[in-house]
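Peer 1: Could you slot chain X onto chain Z? The hints should help.
Going down the list, the protein sequences come from chains Z and X. In terms of the working numbering, the first sequence opens at residue 1 and continues consecutively. In terms of the working numbering, the second sequence opens at residue 1 and continues consecutively.
Don't take every hint at face value.
[Stated by the list, open to error] Computed cross-link-like contacts, DSS-like style, restricted to lysine-lysine with a CA-CA straight-line distance of at most 30 Å:
| no. | chain 1 | residue 1 | chain 2 | residue 2 |
| --- | --- | --- | --- | --- |
| 1 | Z | 224 | Z | 263 |
| 2 | X | 125 | Z | 97 |
| 3 | X | 143 | Z | 97 |
Worth flagging that the hints you see were computed from the coordinates, not collected in a lab. Because the structure is a prediction, the values reported are computed rather than measured.
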Amino acid sequence: MSGDEARSLRLLADTLAALPPGADADARLTGGEWGTMRFANGRIHQPHLEHSRLLSLRVASDLRLGTATTTDLTPEGVKEVVRQALAIAAISPVERKFPGFPAGSKNPKPVAFSEATARLTPEAQGRIAAAALNAAHAAIPDSRVSGVVNAGQEFIAVANTSGLSRFSRRSVIQSSVLVERPTADPPVSGWSEGAHWDARELDAAALGREAASRVATTAPASVKPGKYRVLLGGSAASELIGYLGYLGFNGHGEEEGWSCLAKKRGRRTLPESMTIIDEGRSPYSIPQAIDYEGVEKRRTPLIESGVARAAVTDLVTAGRLGVSTSGHGLPPESPFGEWGPIPTQVRLLGGDAREEEMIRETRRGILVTRFHYVRVVHPGQSILTGMTRDGTYQIEKGEVTRPLRNLRFTESILASLGKAEMWGRAGRRYSDERGGATVTSPSLLTGAFRFTSSTLF
Amino acid sequence: MEPLLNAGLRAALTGDVVYADVRVVSPHRYEHLAVRNGEASALTSSNRAGIGVRVRTKLAWGFATANELDEATARAVARKAVRAAQAAGRTSRTPLVVTEEQGPENGRYESPVGLDPFEVDRAEKLQLLTDTERALHVHPSVKSGHAQFQAWREVKWFASSEGVRYRSSITHVGAGIDATAVSGGEVQRRSAPTSFGGDYRQAGWEFVRDLDLPSLAPTVGREAVALLTAPVCPTSTTTLVLASDQLALQVHESVGHATELDRILGMEAGYAGTSFLSVTDRTKLRYGSEAMNIVADATEPGGLGTFAWDDEGVPAQRTTLVDHGRLVGFLTSRETAAAIGQRHSGATVRADSFHRGPLIRMTNIDLLPGDHSFAELLEGVKDGVYLATNRSWSIDDKRLNFQFGTEAGWRIHNGELAGLVRNPIYAGMTPKFWASMDEVGDASTWHLWGVPNCGKGQPSQVARVGHGAPAARFRGVSLRGR
Chain Z
1 MSGDEARSLR LLADTLAALP PGADADARLT GGEWGTMRFA NGRIHQPHLE HSRLLSLRVA
61 SDLRLGTATT TDLTPEGVKE VVRQALAIAA ISPVERKFPG FPAGSKNPKP VAFSEATARL
121 TPEAQGRIAA AALNAAHAAI PDSRVSGVVN AGQEFIAVAN TSGLSRFSRR SVIQSSVLVE
181 RPTADPPVSG WSEGAHWDAR ELDAAALGRE AASRVATTAP ASVKPGKYRV LLGGSAASEL
241 IGYLGYLGFN GHGEEEGWSC LAKKRGRRTL PESMTIIDEG RSPYSIPQAI DYEGVEKRRT
301 PLIESGVARA AVTDLVTAGR LGVSTSGHGL PPESPFGEWG PIPTQVRLLG GDAREEEMIR
361 ETRRGILVTR FHYVRVVHPG QSILTGMTRD GTYQIEKGEV TRPLRNLRFT ESILASLGKA
421 EMWGRAGRRY SDERGGATVT SPSLLTGAFR FTSSTLF
Chain X
1 MEPLLNAGLR AALTGDVVYA DVRVVSPHRY EHLAVRNGEA SALTSSNRAG IGVRVRTKLA
61 WGFATANELD EATARAVARK AVRAAQAAGR TSRTPLVVTE EQGPENGRYE SPVGLDPFEV
121 DRAEKLQLLT DTERALHVHP SVKSGHAQFQ AWREVKWFAS SEGVRYRSSI THVGAGIDAT
181 AVSGGEVQRR SAPTSFGGDY RQAGWEFVRD LDLPSLAPTV GREAVALLTA PVCPTSTTTL
241 VLASDQLALQ VHESVGHATE LDRILGMEAG YAGTSFLSVT DRTKLRYGSE AMNIVADATE
301 PGGLGTFAWD DEGVPAQRTT LVDHGRLVGF LTSRETAAAI GQRHSGATVR ADSFHRGPLI
361 RMTNIDLLPG DHSFAELLEG VKDGVYLATN RSWSIDDKRL NFQFGTEAGW RIHNGELAGL
421 VRNPIYAGMT PKFWASMDEV GDASTWHLWG VPNCGKGQPS QVARVGHGAP AARFRGVSLR
481 GR
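So that you can see chain Z by itself, here it is in the shape it has in the complex (with noise of 0.2 Å):
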């Protein structure tokens, strides 16, 4: 047992004493040390180390919970936590179908974890972004280089008053680059991103080279909205399976009614070869062993075959809707505990393609790199909207002829994927800055999308 376990557990324990007789509640303490290389105008503009700790306590008083969170792990301060958390709980109404906190013991067995990512100094975290960084200005040496190196690692320590006690941790590299010439007419840009649990497995320096490899050398062209054959790159991929994971299999979405797939469970609704899958554990993803209400994390098929399974819950959307929880709880407290329960390590599986196949078989189309400021317009249609950015190219004949400039989509999820044709076999981890949320995809030909208008760049 490490000293992170050891403290958190026993700290856990004495705030679960510190309750009255007879009261039920969970405990977690979630902790991490961070670093975060932000690099803009070719140097590191704002460095971040981060060390921090918090104790949040959810209370089941007669069924009704209450939850209050400190980051004061002083004797007085776990005394205040259980105080208010008691208060709130006096106070709340009656969750009349909560299940009660799971037992279990044992530490489910550890997931993959790089002790050398999760202790990379600030030192060798600056020289991963100096790589990123020069590694972009070699290939294009008058262009503007941007972007990000995170990496650091996150414990979550989860005990209860029905024996359940675990520790988890999560060790992360996350980096993205950005190249430029901000002073072409219009403005052009590339883009390249990765994660792993591994910092070893991350080549700062091939994503640098990556993004300046999308950056247009001549000007972009306009095409006419409308609908397209789109290829969509591996980040942009990502984005649309992510939202499907939000706006389909989150807990909330089925108990409420607006979930896009509410009556879509158990029928074929994307293509039969098309399988994405939850798998919390999995080294394909930023694996975590728990969650954070202490539950192990397992594979849970999403789409199967085509066939759109249940959605994901935690111990109070499981006990509305009368099944047990599959292991997605995030921390009970706001603003987690009124997103509901999501699924947070997806995979897209069942491709086999490669990236020069399904350009070819794209024909005629357009390349998207990557969206930006992606929002749903209408959840129970999964309709989206957004922007393509930093690298979007028209396919002809099977071949990427010219730049374009940037469109807006206005399309659904199910209907784009369901229109997917061809994807790949391995796919690179999409993630956000501290690996809570990963897609793990591959590029994606779909034959059908709509974009709904352009802009001048």
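Peer 2: Showing chain X alone in chain Z's frame:
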């Protein structure tokens, strides 16, 4: 807190460090009470504290943070900030330059609060939400009702190596309701006072009480139901009248973010994006019509972007951004103001917590009222649409091409509102859109909104900002239903 501040400053001022500041926040209190369909949705009380140290060498900034509040931690955090700056400095050859500023030596600021929102009985607050949420369920097709209240209080001590010291205590409160109606494949939501959490203010519980949510709830529920069967918004190029809450978001997305000088200078390019504006556009670029006047006002009473000094210790200001349609100013920091040759920062730098480094953030970005009543805005519109309450928003990374959907629209026919339409979406290009604004509503249509969810930065930060906006009329806008 003085020993902690001094320990952090002393430990930071080593070697090649030329500047340091220490922010201690203790406490940062937060309370969120929410009821969804009669059940607790998020009942949370949070009490956090921590320290953030920022240093500047000749070549780079450095920032570090931790939760523990003791002198040993303050020193350790300061040393980490120095290490971060030194690591960053290896990528830089150009010296950092900042503006010279005068801040307070012993400043004090406290939000004017009537009824302390943290002292009002929680049972009373929850009862208000429970009663209000129940009143949303006017019809079986209302599948989800939601009522929420939030309050924040941040007590902050700031000290810099330039001798600036202040203590501020800022309290923000607000509340909102929404109803989601579902029928077949149609999902419609209606909110009040506006969407995405409601309305917020630097004030006490009296602000929430005065929102009078229980009286709004039945109308919200009824409109959500009515939207299920309302005609789809017609597709056309037409006249729009935007309600104050939607126009506030338009200001936020297409003026507020676009005038952030860090974006313009490329410092946010890798994440949020840049701007269609350039430094040389100031005083030259026509942003919109003569009727367009926009200020950044951190001195405005009650705004979420109101404070006495920013997180660089610079006194709060009111700056004009757009004057009669012409771009005249930017949102600036000490570093970015110096970069474009301004003598002083516009004091718009804030961090969302002790755990984050300060960035340029919107303060209260207001579209100033004109002189037309709401009825006058509708007059002269033969056929058009009145749109209220944002439902979706998206804009490109230079803040040009936007597309906004609203929860509700009403046809305007011969100067009168003429029936609800559903799923309206309008779109355009920022300068062209603002150029089409031909009439701006008067003070009776103007409202100061609190927006609690403005995202920016890496690691991500969520700022609370203010927007004052009237209703206004726009000609020849692309509109469609879906």
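Peer 1: All hints, please: hold or fail.
Peer 2: Hints, one by one, checked against the model:
The suggested pairing of residue 224 of chain Z with residue 263 of chain Z is violated, with an alpha-carbon distance near 35 Å, which exceeds 30 Å. Of the pairs offered as hints, the one joining residue 125 of chain X and residue 97 of chain Z holds, with about 24 Å between alpha carbons and a cut-off of 30 Å not exceeded. Between residue 143 of chain X and residue 97 of chain Z, the direct Cα distance comes to roughly 18 Å. Compliance with the 30 Å bound is thereby established for this hinted pair.
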